[in-house]
Amino acid sequence: MPRAKPRRRTVVLAATACAGVLAVVLAVTAFSGGGTATGVSYLAGNTNAVYYQPGHRHVAPDFSGTTLTGQALRFASYRGRVVVLNFWGSWCVPCRTEAATLTVAANQYQRSGVEFLGVDIQDNVASAAAFARGHAVPYPSVSDPNDLVPLAFGSAVPIAATPTTLVVDASGHIAGAVFGEVTYSELSTLLGKVAAR
Amino acid sequence: MTELRTPPPADRAHVDEDGFPAAEAAASRGTAKAPATGFGLAGWLRWAWRQLTSMRIALILLFLLALGSIPGSILPQQGTDPAAVSRYFKSHPSLAPLLNHLGLFNVFAAPWFAAIYLLLFTSLVGCVVPRTFRMVGSARSLPPRAPRNLGRLPLSAEYRTGLEADAALAKAARLLSGHGFRLRQPDGPGDGRWLSAEKGYLREAGNLLFHLALLGILVSVALGGMFGYKADKLLVEGGTFADTAIDVNEFHPGRLVSGSDLPPFTLTLTKFSASYVSSGAQLGEPSAFDALVRYTATPGGQARSADIQVNHPLSVDGDRIYLLGHGYAPVFKVTDATGKVVFDDAVPFIVGATGDFLSQGVVKVPDAKPEQLGFSGAFVPTAVSVNGTLESIFPAPDHPVVSLIAYGGDLGLNSGVSQSVYDLNTAQMHQLAARPQVLQPGQSWTLPGGKGTITFAGYKQWITLQITHDPGQLPALVCGAAALGGLLLSFLVRRRRIFVRVAEAPEGSVVQVGGLTRTDASGGFEDEFAALATELKAAHESPPRESGD
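These protein sequences, in sequence, are chains A and B.
Heads up, the first sequence is in this note's numbering, so the first residue is 203 and it goes up one at a time.
Heads up, the second sequence is in this note's numbering, so the first residue is 1304 and it goes up one at a time.
FYI, nobody ran anything at the bench for these hints, they're computed from the structure.
Since the model is a prediction, treat every value here as computed from it, not as a measurement.
Keep in mind that the hints are not guaranteed to be accurate.
[What the hints assert, rightly or not] Residues from chain B that keep clear of chain A, each with C-beta distances beyond 10 Å, as calculated:
| hint | residue |
| --- | --- |
| 1 | Leu1458 |
| 2 | Pro1489 |
| 3 | Gln1585 |
| 4 | Gly1712 |
[Stated by the list, open to error] Label-pair restraints from in silico Cβ distances:
| hint | chain 1 | residue 1 | chain 2 | residue 2 | range |
| --- | --- | --- | --- | --- | --- |
| 5 | A | Ser357 | B | Ser1688 | 53 to 59 Å |
| 6 | A | Ser390 | B | Gly1712 | 33 to 39 Å |
| 7 | B | Gly1528 | A | His258 | 27 to 33 Å |
| 8 | A | Pro256 | B | Gly1642 | 47 to 53 Å |
| 9 | A | Ser357 | B | Tyr1504 | 49 to 55 Å |
| 10 | B | Ala1387 | A | Pro256 | 39 to 45 Å |
| 11 | A | Ser390 | B | Leu1777 | 47 to 53 Å |
| 12 | B | Asn1614 | A | Asp264 | 37 to 43 Å |
| 13 | B | Leu1398 | A | Ser357 | 39 to 45 Å |
| 14 | B | Thr1692 | A | Thr268 | 41 to 47 Å |
| 15 | A | Ser357 | B | Ile1696 | 46 to 52 Å |
| 16 | A | Gln273 | B | Ile1653 | 35 to 41 Å |
| 17 | A | Asp264 | B | Ser1376 | 41 to 47 Å |
Glycine included, C-beta positions come from ideal geometry on N, C-alpha and C.
Please take these sequences and the hints and turn them into a complete structure.
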């Protein structure tokens, strides 16, 4: 059997392996770069902000808890109104930087009937209350030191990190989500889309 | 003779069964041929497939896999430490986007990394599957025809018997098949009087088992990689842990695991107790750890109690929860200059390397007025003062104290870059007091300059749990055991052949017996052959009465 020189063969084989890897890379990138699931659209140029079309929205689970000021609160009592639900913690750096945005948006949209509600996770009430005072947050937050609310939301929208902001429509379905620090334009775009329906 | 020198077709298939040379030989044939003869697309595809499934390519891919995981251990990874990635972006503004484009901050999810392991997987499967089929064929094949001259075989015997040739052959067949040999007899009356017997098919079965188990291991590992996950969680006494991606401190999901796939259990650490040896040479060595927990497998379900110990994990809903480590979490209450409580929580301190649980940690109070407060401190479970410095002499909290350094200023949280909760960035802060303050449980420290107070309210203990889910674990174990068993079988069992030829002779017949084994590395076939030949001869010499039945 004719045999090529061993070294040359190794080079050929290595080159083949690399070429194969390259080919699969191209294939994988081509496939993974593809479209989004039906009923889900991203806001322009931002995969962190998601809008769910009507009919493709998960029901937001109900939860209840105590606010940072000690009042009992039940999420179901918000039914019938659009709610912006913000998951945050006083320890979370981007939550700190987005607080001003949320305060401005809340002050503006609360006049048009949109409710804002915070879920303060993995936090102590003293620090969270100080945060709310310090940033003049105009809406209540439920204290959830043990992440039970994210656990309840698990199958609807995975709350994988703070901050996460959800827009819940009047029928109690999740219509939009912003993963990471929310911007004013993302929030107003989502609220506009939800209000338009 | 020629029949012996060149194995029959059935034999040729398993000439190269004991390793990977079969695929390699095919590959080298392909290599030699490919550049020489111009063949079409199908030819090139076949050539590429042969290359891919060759041992050498598999090794190169394995090497590439190892090479590819190097950046994962050098550069900060998005999956394990996103804060470090952000810091890297700030410190290397021009280099970081380029590296990010190459997926080097998330190596194990990068397309090129996936390509390597997918190719490796294909290569291994492509190598093992055809071999498996070949082995099935080999295990089912009949022994070859008996060679003409048995006297040329490594082992042979010849004797005369009073029996007629046909009777002698029938008797030999009965005896050999009684010994578990697989027989091949002449195709027809004109084919001569001979007998081929083969034994040791367990070797092929073992080989087959080994290769199938190898495939099984691959599939199990892939299962684990796609559907498994691993998460770490630090839990303070009294704290509850919900199995969500947000609640775990580190989450390493498989490729097909999303945050919502975790079983929705909650677990509360009721109490943690550690016992230490309090005398003798092993003073301070841990003797027992018990994490008493209550857990509910599903939201709203019934709460159960459990005691998690080291190497005694708790199993919930397919997850295993291991106790990894423990430490102390002093409880601090901080008021600011306005008198408002701005912090009240247990703060997990990191255990030092000294074994006496001298632990360090930081307290950040970002919403204190008029300026942010930060404390860096040490927790000493059993403190003694040695020449004015605190030392810990025992890991149990017999005389706990904390020593705190207080800072005021800007914690650096507004820059948008994530920080570790265990690091205090004092670049824009100033020390409030020249000396560290030592506090015992219940004691408060009024900060200089009316900046507020900090109270060391007490302490709790924390544990770290590892939650693992590996659906491939059990299959991998079973397949591993099967692979080992198959390998042992294929090493220990030999394939061996006995040939018998009977020729008519005056007053009876001449019986020739030949023996052949392909791999007689461990020896012992000679004895077996001698015993069989003796037995055959004895059977053939027995009175004709017996030969009649």
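Flag every earlier hint the structure violates by its number, smallest first.
No hint contradicted; all consistent.
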